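**Student:** Listed below, chain by chain, are the residues.
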Amino acid sequence: MALYSDTVMDHFLHPRNVGSLSDADAVGEVGNARCGDIMKMYLKIEDGVIADVRFETFGCGSAIASSSMATEMIKGKSIEEALAVTNKEVVEALGGLPAHKLHCSVLAEEAIRSAIRDYFERNGIPYDKSRFPEAEEGSCCRMV
Amino acid sequence: MKRIYADNAATTRMSRRAIDAMLPYLDTAYANPSSLHSAGQEAAEALRRAREEVAACLGAEPKEIVFTSGGSEADNQAILSAAALGERKGKRHIVSTAIEHHAVLHTLKKLEKQGFSVTLLPPRENGVIPPEEVERAIREDTCLVSVMYANNEIGTVEPIREIGAVCRARGVLFHSDAVQAVGHLPVNVKEDGIDLLALSAHKFHGPKGAGVLYARAGVPLVSLIEGGAQERGKRAGTENIPAIVGMAAALREACEKREEVNARLLPLRDRLIEGLSRIPRSALNGDRTARLPSNVNFCFEGIEGESLLLLLDQKGICASSGSACTSGSLDPSHVLLAIGRPHEVAHGSLRLSIGEDFTEEDADYVIAAVSETVAYLRGISPVWQECLAGKRPFILP
Chain A
1 MALYSDTVMD HFLHPRNVGS LSDADAVGEV GNARCGDIMK MYLKIEDGVI ADVRFETFGC
61 GSAIASSSMA TEMIKGKSIE EALAVTNKEV VEALGGLPAH KLHCSVLAEE AIRSAIRDYF
121 ERNGIPYDKS RFPEAEEGSC CRMV
Chain B
145 MKRIYADNAA TTRMSRRAID AMLPYLDTAY ANPSSLHSAG QEAAEALRRA REEVAACLGA
205 EPKEIVFTSG GSEADNQAIL SAAALGERKG KRHIVSTAIE HHAVLHTLKK LEKQGFSVTL
265 LPPRENGVIP PEEVERAIRE DTCLVSVMYA NNEIGTVEPI REIGAVCRAR GVLFHSDAVQ
325 AVGHLPVNVK EDGIDLLALS AHKFHGPKGA GVLYARAGVP LVSLIEGGAQ ERGKRAGTEN
385 IPAIVGMAAA LREACEKREE VNARLLPLRD RLIEGLSRIP RSALNGDRTA RLPSNVNFCF
445 EGIEGESLLL LLDQKGICAS SGSACTSGSL DPSHVLLAIG RPHEVAHGSL RLSIGEDFTE
505 EDADYVIAAV SETVAYLRGI SPVWQECLAG KRPFILP
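These protein sequences, in sequence, are chains A and B. Numbering-wise, the working numbering puts 126 at position 126 of the first sequence, and it's gapless, one number per residue. Throughout, the working numbering is defined as the position within the second sequence, counted from one, plus 144.
Looking at chain A on its own, in the form it has when it is part of the complex (with noise of 0.2 Å):
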């Protein structure tokens, strides 16, 4: 039995989306490199739909994998539906996480949000505030 399922193998081994988008629409970071686990996301959004996505991650091999997965899961939706997204359907595409390696979801799920928030922010756009929880300090390291 290994420490990671396949899926979180193969994400971890090639993942998807990696890198920066220079002329990025909306640029999202979460984690704390005290904590071990940084993500970065940058979105293009063309007519309310992520038309382009990726990622950088500081972390661990579920955390580079879990970026990955998220990339993909909202990569071509749109922003209501990226904002849908949960860290459990991310552990779930993932075929599952080792327990104290769940937060490396929740950041995935946070770092969606906060790229979504920064579009919202950079392009006036009113948003519900209460949708977009501040992190807490040192949230990366809570265990989920």
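No lab work stands behind these hints, which were simulated from the structure alone. If you're wondering where the values come from, they're calculated on a predicted model, not measured in any experiment. We put the beta carbon where it would ideally sit given N, CA and C, even for glycine. A few of these clues could be false.
To be verified - To give an idea of the interface, some chain A residues facing chain B are shown, with a C-beta separation under 8 Å as derived from the structure: (1) 29; (2) 34; (3) 49; (4) 57; (5) 58; (6) 59; (7) 64; (8) 76; (9) 79; (10) 119.
Claimed, not checked - To be clear about the criterion: a stretch of chain A counts as covered by chain B if any three or more of its residues have a C-beta under 8 Å from a C-beta of chain B, and this derived list gives those stretches: (11) 12-22; (12) 35-42.
Claimed, not checked - Straight-line alpha carbon distances no greater than 30 Å define the calculated BS3-like cross-link-like pairs of lysine-lysine that follow: (13) 75/A to 129/A; (14) 44/A to 535/B; (15) 378/B to 75/A; (16) 75/A to 88/A; (17) 233/B to 253/B; (18) 88/A to 77/A; (19) 129/A to 535/B; (20) 253/B to 235/B; (21) 233/B to 334/B.
Got chain A; can you put chain B on it based on the hints?
**Tutor:** Quick look at chain B alone, frame taken from chain A:
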């Protein structure tokens, strides 16, 4: 793909001699050494011989050797015994270090809950615990000093003989967790002034599940396991004869071959250190020379250790890291933090611990693989990208 095993500080491959020594005791010579019949007495004889061999390798007397299930049990028993003795004399203070193994640190935590006070000395940046700091920390009510012989993560070899002399002069019991040292360094309990010492067989090519507590004659032990007269009443339970015999054989072999093996490992260790030092923003952890001949430990800025390990594993390299993700806790290695590495950098650590079969070719392969993998992970790391862009300061020079 060839597998390069560079995790010998975690455990070692058993030596052929140790396996061969064990086999009869798993097969035909299976009797209980406590039995009076001749079959039992053959097992008792094997136990006696193993005790003599282990004692000889440590410069101890056979009666000072207690066989345990491993290093952790021996550390627990040593510390709890010294604490019980101290308690009887009204001495409830213990001096130890911030870089000990958890077998020591957690036992000390337990004692703190029982009212003991514990001073954990911080190491210097190279991981060395200065003997004068030990001396300064000793109080009237100090019942024990516990300092590891060599650190399991950063490989720093402590000035044990000097610390032993300080303890002797101050009349305080001295315990050393020598799990990483025995079989690899010339450990001699008498010359080193050690009263209590823990070792583990599987760190020197012996079997897992076997260890030793050396307790100088006259140091009373408390038993952690009750239920029989084995080990002179200090460790109940039928002795694990095959493992004990295998441990003795492995220890004798390790001590015989020590100088030859170390002469081979040292240039390979140094080759790795020089090669990995060429990676930008990297730093060697631990002392450059007061260091186990097998140990290499680096921090690489901008990356996380677990992903490095997983990628190295894909290239056939078995290594280890002090990142939080691999330590199973939220914080990176307490040892790396204690030598002053910030969390951000401690997450990106790599430990290589090489063994007898490691070659120069392996060293060059490892250097290339680590350099390549670190560069790849930095390429996808926002931390590294921000450092490059000047938005975040580099921590390592």
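**Student:** State for each hint whether it applies.
**Tutor:** Going through the hints against the structure:
no. : hint           : verdict
1   : 29             : 7 Å, holds
2   : 34             : 4 Å, holds
3   : 49             : 25 Å, violated
4   : 57             : 6 Å, holds
5   : 58             : 4 Å, holds
6   : 59             : 5 Å, holds
7   : 64             : 6 Å, holds
8   : 76             : 22 Å, violated
9   : 79             : 23 Å, violated
10  : 119            : 18 Å, violated
11  : 12-22          : holds (count 6)
12  : 35-42          : holds (count 6)
13  : 75/A to 129/A  : 24 Å, holds
14  : 44/A to 535/B  : 23 Å, holds
15  : 378/B to 75/A  : 65 Å, violated
16  : 75/A to 88/A   : 18 Å, holds
17  : 233/B to 253/B : 21 Å, holds
18  : 88/A to 77/A   : 18 Å, holds
19  : 129/A to 535/B : 28 Å, holds
20  : 253/B to 235/B : 17 Å, holds
21  : 233/B to 334/B : 25 Å, holds
Hints 3, 8, 9, 10, 15 from the list above are not met by this structure, while the remaining hints are.
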